[in-house]
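K.L.:
Sequence:
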Amino acid sequence: MKPARFEYHRPGSVDEAAALLAELGDEAKILAGGQSLVPMLSLRLAYFDHLIDVSRLDGLRGITADGASLRVGAGTTEAAVGADAGVARAVPLLARATPLIGHFQIRNRGTLGGSIAHADPAAEYPAVALALDAELEAFSASAGRRVIPAAEFFTGLWSTALEPDELLVGVRFPVWTGRCGFAVEEFARRAGDFAIAGVVVALELDGDDRVARAAIGMLGLGSVPLRAPAAEAAAVGQRAGELDAAELGRLAMSGLEDIPADLQGSADYRVRVGAELVARAWVTASVEAAGSDRAGGMAASVGAIDG
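Going by full-length UniProt numbering, the first residue of the sequence shown is number 1, and it counts up by one from there.
Bear in mind the hints are in silico, worked out from the structure with no lab data behind them.
Derived EDC-like pairs (lysine to aspartate or glutamate); straight-line CA-CA distance at most 16 Å:
| no. | residue 1 | residue 2 |
| --- | --- | --- |
| 1 | K2 | D49 |
| 2 | K29 | D53 |
| 3 | K29 | D49 |
| 4 | K29 | E7 |
| 5 | K29 | E163 |
| 6 | K29 | E16 |
As the structure is a prediction and not an experimental result, all values here were calculated from the model.
Given only the sequences and the hints, what does the whole structure look like? Please build it.
P.N.:
This is how it looks when you write it as structure tokens:
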């Protein structure tokens with residue numbers, strides 16, 4: 001199918017893009033990489049009178065780090081994020097989640113900001129941003145810049161806290177230091193498909209091998225990306241090698257509401273898959289945090305999960 005008729009705008013700067021949004025209001029939509037929006041327009045699942053193409057704005061691109069955080073411009077392509085060695089060092093979850101996003105053609109065009117602003121609950125970057133307590137930078141012609149915590153950004157299916165005249169311009173991710181481990185696990189019918197369920201895990205161990213902090217983000221298990229606060233709280237203060245990863249996975253699924261059910265799987269099926277993925281990701285991240293000298297003891301937990 002073809003999209004409904006629209007007027008195309010290609011501003012030359014972020015300020016000009018914001019001015020167009022302010023002028024056109026709800027009738028306008030930002031077009032970044034277009035990998036989600038264009039198919040929706042073509043299927044006529046969405047309709048806008050105006051599209052504002054920001055894909056060529058240099059002011060929205062780039063990756064910078066200051067030691068405590070890593071900032072990614074909203075217009076930075078997913079391929080650029082995945083190929084950046086600095087991202088892999090500073091925010092490993094971003095680098096490890098990137099290859100799971102569609103296919104390389106999609107990553108060459110899709111942008112980090114486009115993925116997060118689109119707010120698909122089965123997408124990887126929103127779950128990473130939520131798990132790491134990222135800060136999202138919005139800009140409007142009237143109010144200038146404001147920062148939105150990731151915990152407040154995702155408000156519903158394909159909806160965010162962005163105002164109609166606001167443009168997502170960047171995302172700032174905290175850099176975890178110390179004895180940290182990270183893992184991404186997801187299950188899809190085919191490589192490149194949206195995940196039926198997925199998880200991202202980050203944890204830090206203290207000098208006594210106890211969990212100093214933990215973050216568990218989940219995708220495909222609700223109308224928005226989710227955290228697992230009960231499982232995170234249960235892990236903190238415990239020795240990593242003594243935690244029952246399978247039980248942690250089950251705890252992460254407790255209290256979930258609005259779990260999708262479709263031809264890909266029932267809600268119960270997604271819960272079982274999600275629990276298993278949390279357990280697997282937790283073991284992988286724990287092994288990394290503990291170091292190779294303790295990998296043997298942690299690996300025994302993997303067998304217990306499989307059984």
